[in-house]
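Peer 1: Assemble chain B onto chain A, guided by the hints.
Protein chains in written order, with my numbering: chain A, 19 to 810; chain B, 1244 to 1401.
Worth flagging that the hints you see were computed from the coordinates, not collected in a lab. In this text, a Cβ means the ideal position worked out from N, Cα and C, and glycines have one as well. Honestly, I wouldn't trust all of these hints.
As the list claims (entries may be wrong) - One-sided and incomplete, this derived list gives chain B residues near chain A with beta-carbon spacing under 7 Å:
{"#": "1", "residue": "G1282"}
{"#": "2", "residue": "D1284"}
{"#": "3", "residue": "C1370"}
{"#": "4", "residue": "L1372"}
Stated by the list, open to error - Below, in silico cross-link-like pairs of lysine-lysine (DSS-like), each with a Cα-Cα straight-line distance of 30 Å or less:
{"#": "5", "chain 1": "A", "residue 1": "K38", "chain 2": "B", "residue 2": "K1335"}
{"#": "6", "chain 1": "A", "residue 1": "K579", "chain 2": "B", "residue 2": "K1387"}
{"#": "7", "chain 1": "A", "residue 1": "K38", "chain 2": "B", "residue 2": "K1387"}
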Amino acid sequence: MTATDERTDGPAIGRPMRRKEDARLLTGRTNWTDNIQLPGTLWMATVRSPVAHARITAIDTSAALAAEGVVHVYTGADFPDLAGSTCVWPVTDDIQTAVMPAICKDVVKFAGDVVAIVLATEKYLAADAASMVDVDYDPLPAVVDMELALAEGSTIVHPEFGTNRTYTAKMPCGDYEAVRAKADRVVKRRFINQRLIPNTMEPRAVVAAPAVGMSDEITIWTSSQIPHVLRVLLALVTGIPENNLRVVAPDVGGGFGAKLQINREEVLAVVLAQKTGRPIKWVEARSEHFVSTHHGRDQIQDIELAVTNDGTILGMKVELLADMGAYLQIITPGTPLLGMFMYSGIYKMEALDFTCTGVYTNKTPTDAYRGAGRPEATYAIERIVDEAAAELGIEPLELRKKNWIKHEEFPYTQIAGLTYDTGNYEAATARALELFGYDELRAEQKARRDAGDTVQLGIGISTFTEMCGLAPSRTLGALNYVAGGWEHCTIRALPTGKIELITGTSPHGQGHETAWSQIASDIIGVPVEDIEVVHSDTGRAPYGMDTYGSRSLAVGGQAIKVAGERLVEKARLIAAHQLEVSPDDIEFSQGTFAVKGDAEKSLTLQALAFEAFRAHNLPDGLEPTLAGESTVDPIDFSYPHGTHLAAMEVDTETGQVTLRKYVAVDDCGVQINPMIVDGQVHGGLAQGIAQALYEGALYDSEGQLLTGSMGDYLLPSAADLPSFITDQTVTPSTTHPLGTKGIGEAGAIASTPAIINGVVDAIRHLGVNDVFMPASPQNVWRAIQNAKGGQA
Amino acid sequence: MVHIGVTVDGVLRHGDVEPRRLLVHWLREDLGLVGTTIGCDTSNCGACTVLIDGRSAKSCSVLAVQVDGAEVTTIQGLAGEGEWHPVQKAFKECHGLQCGFCTPGMVMASVDLLSENPDPTEHEIRCGLEGNLCRCTGYHNIVKAVATAAAEMRGEGA
Chain A
19 MTATDERTDG PAIGRPMRRK EDARLLTGRT NWTDNIQLPG TLWMATVRSP
69 VAHARITAID TSAALAAEGV VHVYTGADFP DLAGSTCVWP VTDDIQTAVM
119 PAICKDVVKF AGDVVAIVLA TEKYLAADAA SMVDVDYDPL PAVVDMELAL
169 AEGSTIVHPE FGTNRTYTAK MPCGDYEAVR AKADRVVKRR FINQRLIPNT
219 MEPRAVVAAP AVGMSDEITI WTSSQIPHVL RVLLALVTGI PENNLRVVAP
269 DVGGGFGAKL QINREEVLAV VLAQKTGRPI KWVEARSEHF VSTHHGRDQI
319 QDIELAVTND GTILGMKVEL LADMGAYLQI ITPGTPLLGM FMYSGIYKME
369 ALDFTCTGVY TNKTPTDAYR GAGRPEATYA IERIVDEAAA ELGIEPLELR
419 KKNWIKHEEF PYTQIAGLTY DTGNYEAATA RALELFGYDE LRAEQKARRD
469 AGDTVQLGIG ISTFTEMCGL APSRTLGALN YVAGGWEHCT IRALPTGKIE
519 LITGTSPHGQ GHETAWSQIA SDIIGVPVED IEVVHSDTGR APYGMDTYGS
569 RSLAVGGQAI KVAGERLVEK ARLIAAHQLE VSPDDIEFSQ GTFAVKGDAE
619 KSLTLQALAF EAFRAHNLPD GLEPTLAGES TVDPIDFSYP HGTHLAAMEV
669 DTETGQVTLR KYVAVDDCGV QINPMIVDGQ VHGGLAQGIA QALYEGALYD
719 SEGQLLTGSM GDYLLPSAAD LPSFITDQTV TPSTTHPLGT KGIGEAGAIA
769 STPAIINGVV DAIRHLGVND VFMPASPQNV WRAIQNAKGG QA
Chain B
1244 MVHIGVTVDG VLRHGDVEPR RLLVHWLRED LGLVGTTIGC DTSNCGACTV
1294 LIDGRSAKSC SVLAVQVDGA EVTTIQGLAG EGEWHPVQKA FKECHGLQCG
1344 FCTPGMVMAS VDLLSENPDP TEHEIRCGLE GNLCRCTGYH NIVKAVATAA
1394 AEMRGEGA
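Excised from the complex, chain A in its bound form (with noise of 0.2 Å):
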C-alpha cells in the first residue's frame, strides 16, 4: 500500500492516500461544536421527564430562578406553540403526525421528555438548577409493547388520533397469494430487528449565537450531519427567516444516522440565542443521549417465503410493525420504507407483498440508523433464505445461487421495480469462500456434531445488496418526501491557483477532504495538496443536501465531476485565446492547456486561474473569474453487493458465542479511495455483528430504559471483536459517471444476518431455528432450552 501511496503520477482515484483530516483530529487542533466558547454564553440544562408518560400538574421553577447563576428558567407554558422537530416524510395520505413540541406543557410523551430548561452563566449551574426544578406528574399508563399499543382497550398516545396506529403502507408487487397457492412450502418466521442506541463517540451538541453588528444572522454551530437541510428546516420551525440563519457544522464526531435530525435543543438554542440576544450552548451529556437522541431499528417482522421443493423462490410476504416511538421525527415514518424495495434482496421471485404499520409508543423517537430500513430488510431475506435451505434441506448456499441475479442478467429489474445496473454475486461469493476457507469449517463443523463437541461450529452466510445514492428526486416525489436528492459542487481556481472545492455533503469520519480532492486533482490537473475542500457551511458552501444513506459519493461525487469539466472547458477558451488557436485543438492533460502537436504551446490552469482573475486578456463576451459548478440530480440508485461469511462459535452448554473469523467481500464499484473503503467496511461491520451480539435498549413495563448507559448497553470495545478479513471485487456503476457506488452502511447492513445465520447454523441440530438479537449467552441459552422443550 506504501509504494502506491509515495506514487505522484498517473491518476489519484484508486490510490489508498493518508487522510487530509488527520493531523488536525491527530493533534487535538480541532473544532468539535463543544470546543466553541463565545464571550457571554449562555449554558442550557434540560429538565427531562423521568416518567414515560404522565400529566404534568405542576411545575415550581422558583429555587432554580434564585440559584447562583441562573438567568432564565423556560417551561411549556413559555412557548406553548414551539415545535421541536418536524417530519418531512408523511407517507401515506392518511398519516397521523405527532409533533414533538419543543418543551412539553401539559403531557410527558416518554422518558426523556424535555419538561423545562435553564440557561445560567455556566454549565456546573446550569446544571446545578436544573436538578431544583420541581415538577409534579400524575402518571398515565405508558404504551410500550407495540402489538399491545394496537389492541383494543390500550392507553393511546396521542388520545386525539384515537388509535396507536401511525399509517400502514403496503407495496404490493405481482401477485403473492396465486405464487403462494402454488408453492409446495411457505416458510414463516417471525424476526425481532431490536431497538438500538446510536451512540455517537461525540454527544450532540449546538451553540446560536445572536446577530451582532450590522449583520442580522443568527450562527448556529451543531454536531448535525444536515447543515443544509437543518438550515430550512430551522427556519420553518422558528419563524426566522432562512436568509438570516447560518448553520455550520464543524468537526462533527460521527453520525451513523443520529445527527440526520432537528432536534428540540438545536430549536430551543437558536429561539433563545433571538430572544435573549446572547450565546446559547447545550451540549448533550451520554446519559441524556440514550434517551433524547433518537433510536434506530425496533421492528417486528414477520415474513413469508414461499418455496418450491426444488429450491425456487417464489415469492414473498412482509408484514411489519414498526416502533415510532412517541413523535415522528425528521424521517420517522419513512425509515422502515426505506427497505421496503429490498426485502427480495438478490433474488429473483415473481411476488412481493409489503405491509408496514407503523405503531406509537411511549418511547424515544426512532430514525434513522447506519443503514436505515435495510439492514431490517437485508436480515429478513438473509435469514428467512436459510431458514428455506433448512426446511428444504438444500445447502445454504446453493439455495442462494440457484435463486440469485446472474451476472449475465444485468440490467436486471427486480419484483419491487428497482433495476440493478450491474453485480457480480459469483464473483465476490468465489473470492469469500476462498478467504473463509468454507469448505474446510464445513468439514470441522461436521466433525464436531459428529463428535458432540460442546462448542459447536456454525457458518454464516449473508449474499447481500443494497440502495444508495438517495436519491432520484422524482423517486422522492413519487414516495412522498418533501426535499429533493440532488447534490452540489463548486470548484474554484483562485487567483494564486490554489483550488477551492465546495461540496454540499457533510462529513464527520468519512473522509470527504481527502476522497473529494482525489476525483477533483484526476479531473482538473491539480496536485491533491493544492485542493481545500469546503464543506458544512451554509454561509461558504451555500447548496447541499448533506450526508446520509451512502449517498456523499454515489451523488456528490457525480457532482464534482461534473463541476471539475465545467472548469476545465472555462479555462480551455482562455487558453486557446491565449495560445491563439480554438478551443478544439488545445489538447489538456494533468493540468495543462497545450496545443495539439506544439506542447511548447501551452499553459498551466493555474496561470490560467490568474488570467481569469486579472481579466485583462479574455476572449470577447467571456465572463472573468474561473470555476466551475454543478447541481446533479442522479439518474437512478446504485446497487452495492458483496458475500459475508462468519464462523460462530457457540458453547451448547453457557449460551457462549464467540466469533472466530469473518470474511467480507464487498463490490463498491470503482473506489475512490481503497483505505477509506475497508475503514467504512470494518466501522460497518463492527456495528451490525453488535447488533447480532451485543447491543438492544430494553425497556420495562413502565417505559423505563433499562439500557441507559454504557454500563448496561454494551458498545463492543476492541476485546470484543476480532480483526476482519475484508477484500472488493470491483463491478462499476453504470448509473454513476466514475462507476462508483456507496460503501458507508454495508458493513452494517450485510453482517447482522451473516452472524446470526451462523450461530443458529451451530445450533440447528438442537432443533434451534432463531436466536433473539442480541445473540446474549442468556437469549441462545434459552433458544437451546426451548428447542428441547425444556424450562428456559
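Peer 2: Positioned in the frame of chain A, the structure of chain B alone reads:
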C-alpha cells in the same frame, strides 16, 4: 475554591477550582485545552484519557484538586510543536481514526499501553484498549496502528 498548581503539557498552571470540578472540565474550560474530548458521563468511553505522571487516566474520573502538584499530558502536549509521537504517526498511516472524536483518548491510552508493554500481541492490544470506545473503525485499524507504533518504537519500523 481550592488553589492548585499543575504542570500541564510542560507548562506550570495555577488555578482556583471548586473541589467538585472534574479535571477534564478544568483542562477544557479553564485552560482552553479543548483537544481532550468528553464522550460520556460514566467513565466508560475513555475519550478524555490523559497521562497523569506518565500513566493514563480518564480525566472525567479525576478531580482537578487531585492532580495538584502532578504532571498532566494531553494530546496537545504529547509531542513537541510540529512533531508527532510514533503513535500519532501510526494512527495516520494505518487509518486508525475516522471521525477522530475518540482519537485523543485512544492515542493516550495506546502510549501508556506501549510504555508498559513494548511488544504486545494483538490480544494484549485489544485488552489494553478495552476502556476506550470507538464507534467508527471497528478497532481493526486501531489495533494495527498500535502494533505498527510498537514496532517503530522498538526500532523495527519499516
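Peer 1: Hints first: check each against the structure and report whether it holds.
Peer 2: Here's how the hints hold up against the structure:
no. : hint             : result
1   : G1282            : 5 Å, holds
2   : D1284            : 5 Å, holds
3   : C1370            : 5 Å, holds
4   : L1372            : 5 Å, holds
5   : K38/A - K1335/B  : 9 Å, holds
6   : K579/A - K1387/B : 34 Å, violated
7   : K38/A - K1387/B  : 20 Å, holds
Figure legend: structure checked against the earlier numbered hints; the only hint not met is number 6.
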